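There are 4 protein chains.
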Amino acid sequence: MIPRYSRPEMVNIWSPETKFRIWFEIEAHACDAQAELGVIPTESAAAVWKAKDVEFDVARIDEIEAVTRHDVIAFLTHLAEIIGNDKARFVHQGMTSSDVLDTTFNVQLVRASDLLLADIDALLAALERRAMEHKFTIRMGRSHGIHAEPTTMGLTFARFYAEMKRNRDRLTAARAEIATGAISGAVGTFANIDPFVEAHVCAQMDLQPEPISTQVIPRDRHAMFFATLGVIASSIENIAIEIRHMQRTEVLEAEEFFSKGQKGSSAMPHKRNPVLTENLTGLARLVRMAVIPAMENVALWHERDISHSSVERMIGPDATVTLDFALARLTNVIDKLVVYPDNMIANMNKFRGLIHSQRVLLALTQAGVSRENSYTLVQRNAMKVWEKGCDFLEELLADDDVLAALGEENIRSKFDLDYHTKHVETIFARVFDGK
Amino acid sequence: MIPRYSRPEMVNIWSPETKFRIWFEIEAHACDAQAELGVIPTESAAAVWKAKDVEFDVARIDEIEAVTRHDVIAFLTHLAEIIGNDKARFVHQGMTSSDVLDTTFNVQLVRASDLLLADIDALLAALERRAMEHKFTIRMGRSHGIHAEPTTMGLTFARFYAEMKRNRDRLTAARAEIATGAISGAVGTFANIDPFVEAHVCAQMDLQPEPISTQVIPRDRHAMFFATLGVIASSIENIAIEIRHMQRTEVLEAEEFFSKGQKGSSAMPHKRNPVLTENLTGLARLVRMAVIPAMENVALWHERDISHSSVERMIGPDATVTLDFALARLTNVIDKLVVYPDNMIANMNKFRGLIHSQRVLLALTQAGVSRENSYTLVQRNAMKVWEKGCDFLEELLADDDVLAALGEENIRSKFDLDYHTKHVETIFARVFDGK
Amino acid sequence: MIPRYSRPEMVNIWSPETKFRIWFEIEAHACDAQAELGVIPTESAAAVWKAKDVEFDVARIDEIEAVTRHDVIAFLTHLAEIIGNDKARFVHQGMTSSDVLDTTFNVQLVRASDLLLADIDALLAALERRAMEHKFTIRMGRSHGIHAEPTTMGLTFARFYAEMKRNRDRLTAARAEIATGAISGAVGTFANIDPFVEAHVCAQMDLQPEPISTQVIPRDRHAMFFATLGVIASSIENIAIEIRHMQRTEVLEAEEFFSKGQKGSSAMPHKRNPVLTENLTGLARLVRMAVIPAMENVALWHERDISHSSVERMIGPDATVTLDFALARLTNVIDKLVVYPDNMIANMNKFRGLIHSQRVLLALTQAGVSRENSYTLVQRNAMKVWEKGCDFLEELLADDDVLAALGEENIRSKFDLDYHTKHVETIFARVFDGK
Amino acid sequence: MIPRYSRPEMVNIWSPETKFRIWFEIEAHACDAQAELGVIPTESAAAVWKAKDVEFDVARIDEIEAVTRHDVIAFLTHLAEIIGNDKARFVHQGMTSSDVLDTTFNVQLVRASDLLLADIDALLAALERRAMEHKFTIRMGRSHGIHAEPTTMGLTFARFYAEMKRNRDRLTAARAEIATGAISGAVGTFANIDPFVEAHVCAQMDLQPEPISTQVIPRDRHAMFFATLGVIASSIENIAIEIRHMQRTEVLEAEEFFSKGQKGSSAMPHKRNPVLTENLTGLARLVRMAVIPAMENVALWHERDISHSSVERMIGPDATVTLDFALARLTNVIDKLVVYPDNMIANMNKFRGLIHSQRVLLALTQAGVSRENSYTLVQRNAMKVWEKGCDFLEELLADDDVLAALGEENIRSKFDLDYHTKHVETIFARVFDGK
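Protein chains in written order, with the UniProt record's numbering: chain C, 1 to 435; chain F, 1 to 435; chain S, 1 to 435; chain L, 1 to 435.
Simulated from the structure, these hints should not be mistaken for lab results.
Now the in silico label distances, taken between C-beta atoms and shown as ranges:
id, chain 1, residue 1, chain 2, residue 2, range
1, C, Lys422, S, Asn410, 53 to 63 Å
2, C, Arg380, S, Asp433, 47 to 57 Å
3, F, Ala118, L, Asn410, 55 to 65 Å
Computed from a predicted model, the values in this text were never measured in an experiment. Note that CB positions come from ideal geometry on N, CA and C, so glycine has one too.
The shape of chain C in the complex, shown without the other chains:
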């Protein structure tokens, strides 16, 4: 997590202040439940809430931790300083540090998920708007980077929309994966704490009780969560790469918005670099790098070891903050992307009419010419366009065999671009209707 690629709301989720606040809430709710069970005095539970609006002194907690080398004990010690040792001694009773740490981590991940879901919604809105805008903006479809057949810019936006819609669903599932809490004590047996406490705390924190925990919440959940972030990041890369290609000097079918003050190469107007999408390509790699460590975290020893902890301290904030930033940046890029329909047409006409060769080939086959002969007929005219730069339609009309097989009108009809867009509405309906 570095400031350059961070947004405050997500950063906030991972601040010490937020963390201690969640710790406090968990401990306080647990006390309420313990009091209800009669395990601890009601007054003590009530007293804990005195710290509700107190800002915890992070520096003080760090100071205590430097001695105790145990973060939860350090926090509890500080809490006792606030509410009094007398009341504080019932706090955390029957619990283990992991009860607090793991439940907190999941609360943070849930909140991060909510921000990310909102990010995706904003991106979806931008993609949909641009898809509608360019529904029939003709451009070349390309396979292998080579002109294939026409498509529309709207279809490009639409497929990114569909992909991000899937990512939204995946993230919703991933959010559910980690929306669990556990207050099950030392090795997860509830020996020292009643399951009621867990149920109460989870209900208050909007979590589901983890059906079976050890000292920790099982890490396959987190592996799935971070894997999902990795998939979303890969989709961001997918969109970014498309835009980078479109902005290439030789293609120039679109450009990232270039703000006024922005320098770089202002004396070279052709030199508007797709730096945002290049940056997104890199950010995707960063989010993705959390995936394998998260999976390596699954196999903890027996009821827990702490090897996952350092990994999560890093990838928890890093992956969510970076993804949040990347989604917002991408939304901005999509929103303001400058699209050049004229260049799309110009690119399409680079080899005069040649992109229609496939249709002519198909027409010949349908007209009863064998596949091999059809190839030959198309090929001999195509090669002239390729080598001499002449016009494909003109060549075909001048080719007696082709003319005989298809007739002029039929040949001309194969150069009609509407042919390629006739199912755009169908596809749009699939993608956007009843979404």
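With chain C's structure known, arrange chains F, S and L on it following the hints.
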């Protein structure tokens, strides 16, 4: 995919024979639809089905491909050899190779998923059986590899059950991700083929039509699929590591079943190596290594490039075959795992009674002793056990301060193991009821 | 490892036949050393060599292993079938299976390295030849996919040469990493076998004795080896991506050689797809995926566990076979790459003269105009070219301020392409001289 | 990079202050060279050095960047504020931002390497000291977590020493990989800047000139660098796992030093958790996660794109800071590791004498008993020890067949531990002599 770690049914899914069979089915169903639309003659569509029971000649297809360097064309040429050039010329009309290749890959992944789901079901059954069997088999719970508090072997099996149950749900979701087909032509516009063909083929092949495809089915789906396999593999590693720990010479709470003929170190009866679970640890790494390449595959150029293809030719079979083998091997290990309850008790008693120190501490706190003082009281007795090997209960009973604070009966009650198992039924109900 | 991406010589290294042959050699050399030490009878050692030219029966060994579940014992049993139980009983004395397995694996990796080094040499030769051929073939240099300043095609080949030269050095180092053998017995103490045996076997097999082994050769060596393959693969990807960009329809500065029989889109001459380099992009991902598992293999438990074994059975062959194939394919691509110098010039002139704006800017600064003013002067003329498609040189000559600052001759000189190539010889000397 | 796992000296290398200081030095040295070439006035070059001892105002630079969106221009603007616009206009002449950024990044990586090399040296010293101390401290060697044959604790330390020694060599090589600088202008052609400037700057900054750069220094160098850090991290994990195993309750052959104030489970003296080495296991994953992104960074588009930049802003500091911290922590762990030789002996005797079965087996074979019969003889006695807990030596002496074959003295000699340590000196000499 290597024979040593392969099972025939899964290997079969990836054989050339199976692949060509699926190709054939897709082409034949597409012809039916095209005939229904009146695009191709009904007789031609019917004629294609003549190849229904013909075994395709893989060597012959390879031979043709060696010349054409295009696998689908090679297949179609071979098909024409079977059904006659005359009828064959309507096959594949309006389609692009990727329509066949991508839809086939997804059919294979769906079938692989079905085998894997069955594998998981078998594993779940084994885990459940062993969980029930050892529901109240007491063993030490360990955090950081260090004795913590008692738990039961049944809970260990139960948590693996819960984890694998989650994996089953994830795999079901992953299966849905890749259960789509696309017959959308060159760049996915349906310009040369009616969406009806796609709908028909998908219905016949038990797939959903891909709402919007380019020349390919979007690869975020496959990224998610392989990421899910990676998570499942990590859970296998998790279980394998637990068993490897249990089988350590110094722990010996369980052993992999050791067949009679099996050599290795038969003269060293203590030397029964957990080679199956060690192997599973390695296999988990192998499955996991498909995850990142699958994510790198998402960002194809424009409407497709073919960089994903070689990756999928490798990871498609490798990850599914390896995971299938690993799940079956793990099921076998769990099924036959030799559990040593006596050793579990013996291990627990290594430091005579010391594992109950936490309970005594808690009791002291509840009896009104300050947390600090409670620590001191417990600690001074614990240290004697630790250093001199005496018995913790006896020491506590001989400590006047402790005796004064708790009373003999109360102290003795803290050494009751039932205390730790009182919620086992609750947890089992959470895990196994209404599953 | 799949046939499609394999070459026989490398595949051979990993065949069962080769493996058993190496096993045999290690065992036989060990017997020689043991005989020399007087540990076993000389005749027995001599007798072992009777199997020197015998082809081992892989099926028979597999059959025995199916019972013993131990590959080395299966092999030794088969060896005994050949040379007689009587002589065979001294084979393998004092050794542990890993002595044979690990030393063999390293012999295979060394041989694989030698093939890969030869592959790189061939690639280097191709790159050097093409670099010399196009030393002064002018093309646009591009940053961010956007035209920057001119460079030459020769420099592009030269930088790939330099990169692959570094990879050659890295691979030489990686080869040394794994060119060790160990015959140190059970846990590496030489308790049951004299270090002389190790020294003798290693000398015969062209390996260095591992200074300190446990039951296994330490796996940090292999981690480094596979990491190096991953770097080489990434360089292949680097070159592949450059070619894919060059072959884009809109760029078309180079094309992969397109063989005569090759179909695909023969009727669309513009549709020559860079399928080889796209394939190389995918193969790079495949080689790279071995890196992390190889690193995860390092932390074996105590003196060894067998988790690394399954990983290496897969990545050993897969990564080397795939890399061998990829290097050879890339060499072929480079060798036959069709370069289009005319298109390079045409692309460069897309924005008539604008690429020289940087030089004009610099000239203005050097002529004493402030940086800000220089920008303004250049910018106002550049924008005309950009917006109206006029010629940059003409505009500058028509701009009184620019003319006043620089003079006509000076302005014209800024459009001289030789300016950009004046240090090409220097760079070539750095790269190719005394290599 | 998070404070908890950071040390100030390494953090410092990555501070904005350090970065701007290096930028300044590069620019200033470049001016010197340009002045020497007569390209810029000598006074201007001299004037730049006025900023030598000025502390750059990071906030001010950020402020400018917020407008210009270009970090190098922001810095140069700030520099101009210090030395005056008049002198400043010659700064950076002919250079491109990447000349500064890439050379700086490499200076930072070189400095980081130097710290890491010092870290490894400290670790090597600790490992050597402990190896010498425990050269003959007998402990069980274990394969598969199962007792195999005796070894010594010194050998364990020695093999970690040898492994880290290899890592030192690797890091030295990796340092050389990235110890290059480039001042080659826009696309690396030196069109706008003489190679002399690069030579001069590199000499001043202790770097080698990059033989051929584009706009950037080629990223295969950095891929190799980070891959090497990944290998080192994996070795750290290797050592950490060993210690975690040794500290297990049932094994307890060593413990991490437990400081006095440290809480956690002070009332449970058996509950000294190996939290440092568990932490190191996690940190290893974190360092390793930089490897793949660094490899993905290699394939930049044409002469550069900026996708690598965000990745390096993160992994540059993160991987080096984390590795520095981990090495220091590991050194501390090794230095203070509490070793329990008595427990090692006790563990070894768990199955009374059984670990010598291998030697007895060998003795029987050498005495002329067939391998099969030897197995049977050993096995029948071993099983008694295993099942009834009797003493292996006594059983063997009571077995007439064994006695007949070997004689009492010979049998007894097989239980001599010196047998296993007789080559310890040899191995130590290999590892430590002439190091």
